[in-house]
Amino acid sequence: MKTLSRRRGFLLILALFIVLLITGFGLAFLNTGALNYQGAVTAQLSQQAQILAFAGLEDARLKLERDINFPPMTDPEIKTFSYSELVKASDSQVIGNYDITIDLTYSGTPYQVITVSSTGRVPGLVNNVQGEIKRSLKAEFDIRPLDRRAAFSSDQNPNLYRIINLSEDGNF
Amino acid sequence: MNTSATNIPTRGLTLAEALVSLALVSLLLGIVATLMSSYAQMIRKSNESTTDVQPLQAALDMISADLRAAVIITSPAASASPPGLVSSDINLIRIDPWAVDRLPDPIPSTLPAEFLPHKSTWQCHYRYYLKPNAIWQYSYFPDGSVSDYEAFTDISGMSAQYISGSAISLQVSYQTVTTPIRVVSLSTIVRLQSQPVLVQ
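The listed protein sequences derive, respectively, from chains A and B.
This note's numbering numbers the first residue of the first sequence as 1 and each following residue consecutively.
This note's numbering numbers the first residue of the second sequence as 173 and each following residue consecutively.
No wet-lab data here; the hints were simulated from the structure.
Among these hints, one or two may not hold up.
Label pairs and their in silico Cβ distance ranges [to be verified]: (1) PRO76(A) x PRO276(B): 45 to 51 angstroms; (2) LEU16(A) x TRP308(B): 43 to 49 angstroms; (3) LEU16(A) x PRO304(B): 53 to 59 angstroms; (4) GLY108(A) x ILE335(B): 38 to 44 angstroms; (5) PHE29(A) x THR351(B): 44 to 50 angstroms; (6) GLY202(B) x VAL126(A): 41 to 47 angstroms.
The model shown is predicted, which means the values in this text are computed figures rather than measured ones.
In this text, a Cβ means the ideal position worked out from N, Cα and C, and glycines have one as well.
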């Protein structure tokens with residue numbers, strides 16, 4: 001008789017087991033969808049970080065071209081100057097920021113080149129942890145006032161304050 | 173011997189109850205299986221799209237970066253009145269990123285007489301071209317070394333075209349060989365950044 005009484009709850013256990021099974025499948029599927037979504041978001045943020053890095057390069061280029069006192073160097077021994085700017089959308093929402101490092105090591109003759117490194121940063125998930133997605137660029141700006149070619153040495157340099165070499169991410 | 177257990181009714185399920193239970197469980201499982209099947213199909217399609225797009229995106233990123241850094245682009249050909257001709261080959265020259273003697277660190281005590289930033293000894297030549305189902309990259313470096321390798325697989329189309337004096341439209345695509353035939357295509361506009369090399 002005891003044996004019969006113990007068998008009475010088996011449908012409840014079966015129902016619970018089925019619910020558990022369905023929940024497990026559901027969670028697994030949801031996780032797959034979330035991973036795909038996260039990958040797409042990261043790709044988008046990476047592009048955004050790259051655009052910010054280009055914006056940083058252009059910002060530095062314009063400052064160099066238009067402001068004779070930029071970068072403000074007080075110690076002649078120090079050859080680098082860094083700054084960072086926050087980029088906001090028109091609704092004041094922060095998009096990210098770019099970090100700029102201006103290197104004057106090769107600004108003297110005969111090189112007359114300023115190297116500028118720009119890193120665009122966008123807040124986002126990295127390996128499921130809140131962090132930053134970064135893209136970096138390095139550009140060389142020509143600051144020689146006169147044309148480098150011997151035949152045109154008295155002409156104005158057509159590449160003045162223009163990028164004459166560019167590297168992206170791991171390529172420098 | 174008159175235990176409490178013996179007082180509990182011991183009637184089992186009737187056939188009708190069991191059948192109703194089975195029908196309900198079957199109905200529930202059927203609904204869940206249908207939902208899961210359609211969701212799995214959606215996930216599979218999404219994964220296929222991701223798998224198809226990834227090599228295309230990687231190819232676009234790498235070729236775009238090289239185009240932006242290029243100091244000479246011979247293919248696609250620039251046109252006096254863009255858009256230019258569509259080319260399935262990309263030929264460019266850029267400064268070798270690994271030319272350490274170009275801007276030496278530290279600066280040598282004996283400075284060179286002049287600095288020509290685009291000197292031919294620092295130039296490397298890249299050519300991206302199509303082979304069946306892949307993009308290959310041929311590279312020629314200043315030291316004379318050459319490499320020719322399959323850079324991206326699962327790509328069946330590539331085209332580039334000047335759309336203005338300083339912008340190139342770049343497109344890569346993939347077409348499945350099995351039915352149903354699917355074509356995935358990605359394109360981007362590359363704004364050229366480096367100034368063209370001056371004849372030195």
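Checked hints:
Between PRO76(A) and PRO276(B) the CB atoms are about 21 angstroms apart, so this pair departs from the stated range of 45 to 51 angstroms. Between LEU16(A) and TRP308(B), the C-beta spacing of about 58 angstroms breaks the proposed range 43 to 49 angstroms. For LEU16(A) and PRO304(B), the hinted distance range of 53 to 59 angstroms is satisfied, since their beta carbons lie about 55 angstroms from each other. The hinted range of 38 to 44 angstroms is satisfied by GLY108(A) and ILE335(B), whose Cβ atoms lie roughly 40 angstroms apart.
A beta carbon spacing of about 28 angstroms between PHE29(A) and THR351(B) contradicts the range 44 to 50 angstroms that was offered as a hint. Taking the beta carbon of each, GLY202(B) and VAL126(A) are about 42 angstroms apart, inside 41 to 47 angstroms as hinted.
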